[in-house]
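S.K.: Based on these hints, arrange chain A on the given structure of chain B.
Given next are the chains, with one letter for each unit.
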Amino acid sequence: MSATIGIHGAVKAFGENVVIDGVDLSLPSGSVTVILGPSGSGKSTLLRAINHLEPLDRGVVTVGGETIGVRVRTGRDGVPRYKELPERLILRQRSRIGFVFQHFNLFPHLTALENVAEGPIASGVPAATARARAQTLLERVGLGDRGATRPRQLSGGQQQRVAIARALALEPSVVLLDEPTSALDPELVGEVLGVIADLAESGTTLVIVTHEVAFAREVADHVVFLDHGRIVEQGPPAQLIDDPQHPRTRDFLSRVR
Amino acid sequence: MTQITDTERPTGSPAGTPTGSTAGSTSDATIDAAGRAALDRPVVPLRHPLRWIAAAVVLVVLLNFVETLFTNEQWGWPAVGKWLFSPAILTGLQLTLVATALSAVISFAGGIVVAIGRLSRNPVLSGLAWGYVWLFRSVPLILVLVFLYNLGSLYPTIGIGVPFGPQFEVPTANVLGDLAIGVIGLSLSEIAYASEIVRAGVLAVDHGQHEAAQALGLPRRRQFVRVILPQALRSIVPAFVNQIVGLLKASSLLFYVSLLDLFGVVQNLSSTYPTDIIPLLVVATIWYLALTSAVSIVQYYVERWTARGSVRALPPTPFQRLRSVVRRGSGRGKNDGKAI
Numbered sequence: 001m002s003a004t005i006g007i008h009g010a011v012k013a014f015g016e017n018v019v020i021d022g023v024d025l026s027l028p029s030g031s032v033t034v035i036l037g038p039s040g041s042g043k044s045t046l047l048r049a050i051n052h053l054e055p056l057d058r059g060v061v062t063v064g065g066e067t068i069g070v071r072v073r074t075g076r077d078g079v080p081r082y083k084e085l086p087e088r089l090i091l092r093q094r095s096r097i098g099f100v101f102q103h104f105n106l107f108p109h110l111t112a113l114e115n116v117a118e119g120p121i122a123s124g125v126p127a128a129t130a131r132a133r134a135q136t137l138l139e140r141v142g143l144g145d146r147g148a149t150r151p152r153q154l155s156g157g158q159q160q161r162v163a164i165a166r167a168l169a170l171e172p173s174v175v176l177l178d179e180p181t182s183a184l185d186p187e188l189v190g191e192v193l194g195v196i197a198d199l200a201e202s203g204t205t206l207v208i209v210t211h212e213v214a215f216a217r218e219v220a221d222h223v224v225f226l227d228h229g230r231i232v233e234q235g236p237p238a239q240l241i242d243d244p245q246h247p248r249t250r251d252f253l254s255r256v257r
Numbered sequence: 001m002t003q004i005t006d007t008e009r010p011t012g013s014p015a016g017t018p019t020g021s022t023a024g025s026t027s028d029a030t031i032d033a034a035g036r037a038a039l040d041r042p043v044v045p046l047r048h049p050l051r052w053i054a055a056a057v058v059l060v061v062l063l064n065f066v067e068t069l070f071t072n073e074q075w076g077w078p079a080v081g082k083w084l085f086s087p088a089i090l091t092g093l094q095l096t097l098v099a100t101a102l103s104a105v106i107s108f109a110g111g112i113v114v115a116i117g118r119l120s121r122n123p124v125l126s127g128l129a130w131g132y133v134w135l136f137r138s139v140p141l142i143l144v145l146v147f148l149y150n151l152g153s154l155y156p157t158i159g160i161g162v163p164f165g166p167q168f169e170v171p172t173a174n175v176l177g178d179l180a181i182g183v184i185g186l187s188l189s190e191i192a193y194a195s196e197i198v199r200a201g202v203l204a205v206d207h208g209q210h211e212a213a214q215a216l217g218l219p220r221r222r223q224f225v226r227v228i229l230p231q232a233l234r235s236i237v238p239a240f241v242n243q244i245v246g247l248l249k250a251s252s253l254l255f256y257v258s259l260l261d262l263f264g265v266v267q268n269l270s271s272t273y274p275t276d277i278i279p280l281l282v283v284a285t286i287w288y289l290a291l292t293s294a295v296s297i298v299q300y301y302v303e304r305w306t307a308r309g310s311v312r313a314l315p316p317t318p319f320q321r322l323r324s325v326v327r328r329g330s331g332r333g334k335n336d337g338k339a340i
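Heads up: the protein sequence lines correspond to chains B and A, in order. Take 1 as the starting number for the first sequence in our numbering and just add one per residue. Take 1 as the starting number for the second sequence in our numbering and just add one per residue.
FYI, nobody ran anything at the bench for these hints, they're computed from the structure. Values in this document were obtained by computation on a predicted structure and should not be read as measured data. The beta-carbon is built from N, C-alpha and C at its ideal position, and this holds for glycine as well. Treat the hints with care, since some could be wrong.
[Stated by the list, open to error] Quick list of the computed label-pair ranges, beta carbon to beta carbon:
hint: 1; chain 1: A; residue 1: E211; chain 2: B; residue 2: P38; range: 46 to 54 Å
hint: 2; chain 1: B; residue 1: E139; chain 2: A; residue 2: L39; range: 50 to 58 Å
hint: 3; chain 1: B; residue 1: E218; chain 2: A; residue 2: R328; range: 32 to 40 Å
[Unchecked claim] Every beta carbon over 12 Å from chain B, so not counted as near; a handful from chain A, in silico:
hint: 4; residue: V66
hint: 5; residue: D206
hint: 6; residue: A239
hint: 7; residue: V311
hint: 8; residue: R327
Only chain B is shown next, with the shape it has when bound in the complex (with noise of 0.2 Å):
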């Protein structure tokens, strides 16, 4: 239900835009990592490069030992190179890798057990099973009666919870969460947060972007500031969020307080 996430020599940029810039990060197998740093840091494009929905120009992400979106190939020069994978072989690893948006990105017109049910569905898993087990994680981020509701009549925390609830119908060893709050009222983000905590307590490896830092500080293992596409500092997170040792960490960690 686990897997490490490794993430080696990553380079991304869009245009003259150096994006991610040499990234190295090993995650053990059911630890929970969050990702700091200003915006246009490259934490967002560095999460999603974990389930290549942004493919990096270089480097490569292995989950649970597997490389994602590519697999290495020896040319006939005999240097060997990561090539990008068929499409459907991607889609059939994304499957096993959830992921949270900041948005939601939920499906307007199907109702959040046709949302949370729909992986599983297309993924060859019988109807039937998918909706009881869809019906089961609403129950567990504590919406088991809102399932013949459409995601426009939900609010805003009770949306980002199915759509946490859709990313683990996968069964995922793995979720992303992309600033899973920043799109909530005030008074809705506990509920989410409280979810998420839940979450990392099950040993499902987490990465969650996000600016929450009293949360980080409670819920992570790992915390990884990241400034101009670089990691900047890394730690435990007593130490990088109470005694961070970079200015650049002191700077941001002041501001966002």
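M.R.: Leaving out everything else, chain A in the frame of chain B:
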């Protein structure tokens, strides 16, 4: 009304004795005695006398015209009644319906295919799709129809075969009947428009929906059919129904390839019965109005269906509203307090 004013705005005595509260003292400072006296009465909204005058003028003009419908014998209402359901007219109507329905279905399916082609990342496919749209949007429909009608003289036989190998050929005239020519001609040009409508609809779907479908690992076809297309339909349907209405009327061009649709029949009958030209045109107008109205009613319900999920609560249909009015009228007391 007065109750609200009384409870919400205690005005105190007209003499203006200070009430002591801060609210009382500010109102004393800003409104005079007349203003205070007026606080007890509802605000009179602005009247719009010019609107009434404009409406009256328009109504008078309209009624003048309506009067001529009854007084002018040339309208020939008895003849309209005679022709409206005559077998010849109904045959033409049937052809109009069949040609429109077939072309609408073909052009919707074809439009999706061409739109997918244009959105494809394959430059050859998207180029071909672009070229198709460019060609058939540029050429008038009537030219396409007449071209197809004369296809037999351009390609006396049509067939398919292995290049330099065996060929299978049949005479063009045997394959393409008149109706087939008409439907193909209408569809060829409608597909070009429909594909642009579908493409616009797909582009209007939020990018996050594509990403969410990808992140769930949905296969490509399922991403389109299950996630993107249902949401695109919301903007596709109104524009496409507009196309169907246009198609309904464009089918009158089939007259030029010797197909007798509603308009064609009317044209033929007018030359046989020259005294009934006006009544026959009225008959055609009535039928086109009826067909368009039927399409609009279907559109209303299809749009309600595609709107599911994009609004919080759908407004009741006219039929539901009528039913709730009837029920409230007859069963007052029994159904009171029940949600309808």
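S.K.: What hint numbers does the structure not satisfy?
M.R.: 1, 3, 5, 7
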